[in-house]
Amino acid sequence: MITLSFALNTPTELIAAPDVVVTDLRVTSGEEAIRALHQRLRAATPDVKDAAQFLKDLLERAAISSVCIAADVALPHARTVAVSRIVLAVARTATPVTFDAEHPGVRLVFLIGTPKAAVAEYLQTVAALSRLLKNAATRADLLAAPTEADFRAVLARAQRR
Amino acid sequence: MNVVTDPAKLLLERMLRLLRWRVWIQEKLQPTEWQVTLLWAGLVGFLGALSSLVFSGLAEGVHQLLTGSNAGVVESMKQLPWWAVLVLPAAGGLLAGLVLMLGKHLTRGESSTDYMEAILIGSGNVPIRSSLVKSAAALFSIGSGGSIGREGPMVQLAAVMASFLGRWRQFTPPQLRLLVACGAAAGIASAYNAPIAGSFFVAEIILGTIAMESLGPLAVSAVAAALTVRVLTSEAQLYKVPEFKLNSPLEMPAYIALGVIAGVLAPWFLRSLKRSEGLFVATKFPLTVRLMLGGLVVGALAIQVPEVCGNGYSVVVNILNGRVLWTTLFVIVVCKWLATAASFGSGAPGGVFTPSLFMGASAGYLFGFAINSVWPGGAGDPRAFALVGMGAFLSAVSHAPVMAVIMLFEMTLSYDIILPLMLCSVVAYYTAKGLEGRSLYSEALKKKAAETPGGSAFGLGQVAELMKRKPPTLPRGAHFAEIARMFLSMRVNNLYVTDTEDRFLGAVSLHDIKPYLGEPELAELVIASDILREDFPRVAPDATLSEALGRFLNFEAERLPVVNGEGKLLGSLAKGDLLLALVEMRKKPVAA
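Going down the list, the protein sequences come from chains A and B.
Here this note's numbering is used: the first residue of the first sequence is 1069, the next is one more, and so on.
Here this note's numbering is used: the first residue of the second sequence is 8, the next is one more, and so on.
Mixed in with the good hints there might be a few duds.
As the list claims (entries may be wrong) - From the derived model, a few chain A residues whose C-beta atoms are all more than 12 Å from chain B: (1) Ala1119; (2) Arg1175; (3) Lys1184.
Said to hold, decoys possible - In silico lysine-lysine, DSBU-like type, Cα no more than 30 Å apart, as pairs: (4) B:Lys521 / B:Lys582; (5) B:Lys582 / B:Lys475; (6) B:Lys16 / A:Lys1202; (7) A:Lys1202 / A:Lys1184; (8) B:Lys582 / A:Lys1184; (9) A:Lys1124 / B:Lys575; (10) A:Lys1184 / A:Lys1124; (11) B:Lys582 / B:Lys477; (12) B:Lys475 / A:Lys1184; (13) B:Lys281 / B:Lys440; (14) B:Lys575 / B:Lys475; (15) B:Lys477 / B:Lys575; (16) B:Lys247 / B:Lys85; (17) B:Lys521 / A:Lys1184; (18) B:Lys440 / B:Lys252; (19) B:Lys281 / B:Lys111; (20) B:Lys521 / A:Lys1202; (21) B:Lys291 / B:Lys111; (22) B:Lys575 / A:Lys1184; (23) B:Lys477 / A:Lys1184; (24) A:Lys1184 / A:Lys1117; (25) B:Lys575 / B:Lys521; (26) B:Lys16 / B:Lys521; (27) B:Lys440 / B:Lys475.
Since the hints were derived computationally from the structure, they do not count as laboratory data.
Note that beta-carbon positions come from the ideal geometry of N, C-alpha and C, so glycine has one too.
One chain only, chain B, in its complex shape (with noise of 0.2 Å):
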């Protein structure tokens, strides 16, 4: 045999080897867009646990550089004097105010959306620097001991890093879409190291279905996102419970009384938040000096009573271990309460998810007690009370039954109180949703639904709006060479081929070149137009998305070329953002 000495050969014969092996490995793992979907999720899921990571790291360091102290938000409250007391919120909320001013100048232009708008009603799209903004605002506000949650910008920061991520590898509209979503569900799976709850929070509440082909991405974006906090932390499960069981089914009844009540109380406190706001946007004063005025509520509140600081966490860790009587509960919820109504309304960043678990543990406790009083068989630890009331609260709150049951499950890791916590839940949604049509989130969603023509993500349901531009072509006369370099650089297994107008001409398939490529005496011979498939099916731009799905089932590819009436090339339609349009297109738009 001689030995081949030619470079261009040498090289040639290499790739070839080099496509083989790409087809044995596609062939063995089979992987399908879906598969890489999952990579990309995971991804997603590390870099959102890092960026709650150093929010909550920053929120610390802005705490400990306003107060002094690097405990809890209440102790080092307990420990400052009257006046910083009073002043600490409301400076707090001064900075606030500047870093939003400040910030309103760097982003011009940029809409305000956050990252369940830009899933539910956009493209996926979360703009970064005014979420960055918002997030440094929020450290002061929260670092100041304003009582709002911290996790909320978490969230939004993991989605942020998703949404540029996706944005950078020219994600279609539903992928990114999806990603941002893997994003959010990241940032709840590391705020409350929960991934659980994570990825149904975002599977119920944004993106409103738990079809596969969006729970499984959602599922290992917040796996990942729960590991890598983790590892990095020492954190184990996120309020450590005595064990609580359910004693009697004797119970039962006062549990369900529970449902009703934190179904009742649940739109109550987000009505109030709504008013607060109102009240404070009627005052016509300047944001920064509303977020002032809001500090200086809770700072005054906080003189007597500083459990009303921060997001209500160590308040319910000790209400859940029976630490707090309930005398001095009652003044505290109701402190906290008009705190939480005072930040939320005077626009200070940050989330009410937290403090709305707070509302719930002290509603459950309470009622709990006062049954225990006077009937103890009814109710035997009013603290497993709280715990129910938690997941009952924040299920009437999100209306998300499901979510909330398994997120207190998750956070206490208190198994042998499901069945009162998930009666409870039902009930709590269903009382909540017969009061008030509207949810924590269903608020936002639908302003900005109504400003956003089309109402839903996919205005016109059109094969155009989830096309992927601008798809890798080859003209007519490329070389065996350079058909099979493509072939290994991208991940397709067609090629188009265009003329020199962009005319697509027809596909080249690497189903029809894999016995041959051992062979290359082959590849100096074969051109594209040699082995050009001219009758590849091709969808219409304006096509509807269940004509695009017809062509796909009879023809087996992951991508169809988007052709228009004049033969050009406009790009691809892949199957997999097809069927997820097709996924979301089926529940109701939540918009509407």
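Chain A with its partners taken away, still in its complex shape (with noise of 0.2 Å):
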């Protein structure tokens, strides 16, 4: 695939470097790691146009199936009028939290916003997501980076492989 490499924000430059990471989250539930990458991500760009519809959309999205793509790695997002571009938060928890019950031990959380007509970098995103996660390799470095500064290098090497 031709992809057009000055484009700020395609889908594999955004995980190389995401809006928001944290690396000790402290939350207790899957509900509060979503609000919690929320607040952030507001702070963080301008791109995030209506915070409390986005928060109502992430949170609805979650309610109707697992955003879990493995045992210990979820995906909440949502296809939402309140963002102008892909936003993403990172973040790693510092205990393990229950998303749901089939779920009860998350350490790496990917928040993710697409504007509604944006389909196809929606999946992309979440494709490329799940591609990098698969590497059990760079799943322990994620949970082994010590800084932000490691956990954004960690990312960005795993997206250029």
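Dock chain to chain to rebuild the complex, using the hints, since each chain is given by itself in its own frame.
Here it is, written out as structure tokens:
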């Protein structure tokens, strides 16, 4: 696939440089995790235009069906009118968090917001993340990264591979 | 790599693999709705040929039962004693009448729509029971030697099969009408062993267009039918004729004159049939008695002239091969005309297509013979005039010169005579049309159209008339696995997503998920609402067809959802159906 490398915020570039990275998110539930990351994201970028709507859409989506793609990885997401581009917040939780009955030990959370029309970009982002996280070494590196800078470096390196 | 053992996961992976294949095949082959229509047309052709063969087999069986002879109608009449010849057609009329009467109980509430009406002004529904009853009655009027064609009922039966198939598969009205037209083409192709004429007959007379959208399926159906007949029977061309050719350009004036004569005679012939029908109805006798009376007239004529019985096929073969004296032929023509008027007028179910061919052949031969005796150079071979006369008469009766030329060519495989045949058919057509605005078929159609409000099949020309109801839908929470399963089982590229109150939310496009079919991890995460396209174009049920076409022009899809003012999903509109309807609307409605 040919992508324009200079275009900002292609899904791959976004994963290499997320809007928000938190390496020790202290929360006790999936909903708390979503709320916390939403809060950070809204502070980090003006592209979240309608924070309340965004949160509502995120929680609604999580309520319909599971947002986890592995035992320890959750991808809460929403296609929403509240963002003007794809936004991404990544967090490593300090302790395992219960997202739903089948996923009680989530450590990595990738919160995605996509504009309504960007169906293809949304799928690209999710697919790229799932490919990246399938790699056991990358997952171990992400869990072990001591600082935010190290964490970002792992993401950037993994995305370049 | 770890081995996946979870059965649900295995199933999902399997399904995604299948879906990848489907997408691959679709991209390589690009099967459109048109191509699928062609497949159905082929099936209809096959079934139509079977039903034609069964019908002619049954007609022969009835004939054998009634006459105790398995020879042709004319031959077996010659073998019977005079009283049997007199009584037999009347008995056949009685039996046909009884069948029709008994059938009335079965078909109560059904209209008597025939295939032409169904295609031209109806929804493509050919009533099954009343068609079967009519065909059963026709078996008796034909088997007993009535002067009527067996090909009409064969065509009707083939159209019924098509209509039945289409309704069973829930075709939309334009598709159903096209399928019934395919059935009719198959019926003609198998009855006359003439696939090209079969397709053109339906295109020219019934659909009134030779646009490729409709001619393609008709041709496929006709070919399938002719092929089936050729495999199952040993028949080659219908009329075996000696080699004819245009002996000299000097013959052309005589051929043109023949065209004028056929053009004058044909409307007369039709009018006399109508007149006879009027006379029979005026007697106020019940139908069964009328049919008996008609049979009696045929029988009385047949005592001296057995050639009047049947559709005239064997006599035509003899004429074309020059085995009939002109004096004899003259007597036969007059009697045959009377007999056909009696059979048709009494209401005997059957066609007048083949009797028309007989009239044309006789007129042509007699005319050719007359010219030949005064000026041999002007008409070298009267038999060639017989053949050209058939085409001219058919063209004048049916108002379909293209079909007539092709049909004559196909039935006789005599190409050398094509120049006078074409010219003569066209002359006959214009002559007949100048004298009489209606054709063999326009009468019944006009009558029916007057009863039908709106006139044409697409009265208002709105989307709602063409849409397919109850399209498959997904709930917004549907998982990827469910979406994949639905894409596998339906041949669509977009699935519609609705809420619990049937409100249209948008569509999930196969195109969007195509690149990700190889990633089962995604399948667990993604649900319909994640990949829903809310801006998917939609059409209103009361939109006009051209408005709907505009939507299709701006968007690449085979179907669009039909959504009403309250946002409810009512159905889906196929681009193919829309184009078919537009093609048909473009032509002047015959019914008007």
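These are the hints, each one checked on the structure:
1. Annotated as non-interface, Ala1119 (chain A) keeps its C-beta farther than 12 Å from every C-beta of chain B; the closest such distance is 21 Å.
2. Every CB of chain B lies more than 12 Å from the CB of Arg1175 (chain A), the least distance being 17 Å, so the non-interface label holds.
3. Not every CB of chain B lies more than 12 Å from the CB of Lys1184 (chain A), the least distance being 6 Å, so the non-interface label is violated.
4. Proposed proximity of Lys521 (chain B) and Lys582 (chain B) is supported: the alpha carbons are some 23 Å apart, at most 30 Å.
5. Annotation: proposed proximity of Lys582 (chain B) to Lys475 (chain B) holds, straight-line Cα distance about 12 Å (limit 30 Å).
6. Of the pairs offered as hints, the one joining Lys16 (chain B) and Lys1202 (chain A) holds, with about 16 Å between alpha carbons and a cut-off of 30 Å not exceeded.
7. With a C-alpha separation of about 27 Å, the suggested pair Lys1202 (chain A) and Lys1184 (chain A) falls inside the 30 Å cut-off, and the hint holds.
8. For the hint pairing Lys582 (chain B) with Lys1184 (chain A), the CA-to-CA distance comes to about 27 Å; that is within 30 Å, so the pair holds.
9. Between Lys1124 (chain A) and Lys575 (chain B) the CA atoms are separated by roughly 25 Å; this keeps the pair inside 30 Å, and the hint holds.
10. Between Lys1184 (chain A) and Lys1124 (chain A) the CA atoms are separated by roughly 15 Å; this keeps the pair inside 30 Å, and the hint holds.
11. Straight-line distance between C-alpha atoms of Lys582 (chain B) and Lys477 (chain B) comes to about 17 Å, which keeps the hinted pair within the 30 Å bound.
12. A hinted pair counts as satisfied when its Cα atoms are at most 30 Å apart, and Lys475 (chain B) with Lys1184 (chain A) qualifies at roughly 29 Å.
13. With a CA separation close to 17 Å, the supplied pair Lys281 (chain B) and Lys440 (chain B) stays within the 30 Å bound.
14. A threshold of 30 Å between alpha carbons decides the hint, and for Lys575 (chain B) with Lys475 (chain B) the separation of about 14 Å falls inside it, so the pair holds.
15. With a CA separation close to 11 Å, the supplied pair Lys477 (chain B) and Lys575 (chain B) stays within the 30 Å bound.
16. For the given pair, Lys247 (chain B) sits about 23 Å from Lys85 (chain B) by alpha-carbon distance, which is consistent with the 30 Å threshold.
17. Of the pairs offered as hints, the one joining Lys521 (chain B) and Lys1184 (chain A) holds, with about 19 Å between alpha carbons and a cut-off of 30 Å not exceeded.
18. Only pairs whose Cα atoms come within 30 Å are accepted, and Lys440 (chain B) paired with Lys252 (chain B) is accepted, the gap being roughly 28 Å.
19. Of the supplied pair hints, the one linking Lys281 (chain B) and Lys111 (chain B) holds, its CA atoms being roughly 24 Å apart against a limit of 30 Å.
20. For the hint pairing Lys521 (chain B) with Lys1202 (chain A), the CA-to-CA distance comes to about 21 Å; that is within 30 Å, so the pair holds.
21. In summary, the hint linking Lys291 (chain B) to Lys111 (chain B) is supported, as the alpha carbons are separated by about 19 Å, within the 30 Å threshold.
22. Straight-line distance between C-alpha atoms of Lys575 (chain B) and Lys1184 (chain A) comes to about 21 Å, which keeps the hinted pair within the 30 Å bound.
23. Proximity of Lys477 (chain B) to Lys1184 (chain A) is assessed by CA-CA distance (about 27 Å); at most 30 Å being required, the pair is judged to hold.
24. Between the alpha carbons of Lys1184 (chain A) and Lys1117 (chain A) the distance comes to roughly 13 Å, so the proposed pair stays at or under 30 Å and holds.
25. Straight-line distance between C-alpha atoms of Lys575 (chain B) and Lys521 (chain B) comes to about 28 Å, which keeps the hinted pair within the 30 Å bound.
26. Distance restraint check for Lys16 (chain B) and Lys521 (chain B): the Cα-Cα separation of roughly 19 Å lies within the 30 Å cut-off, and the hinted pair is therefore satisfied.
27. Of the supplied pair hints, the one linking Lys440 (chain B) and Lys475 (chain B) is violated, its CA atoms being roughly 40 Å apart against a limit of 30 Å.
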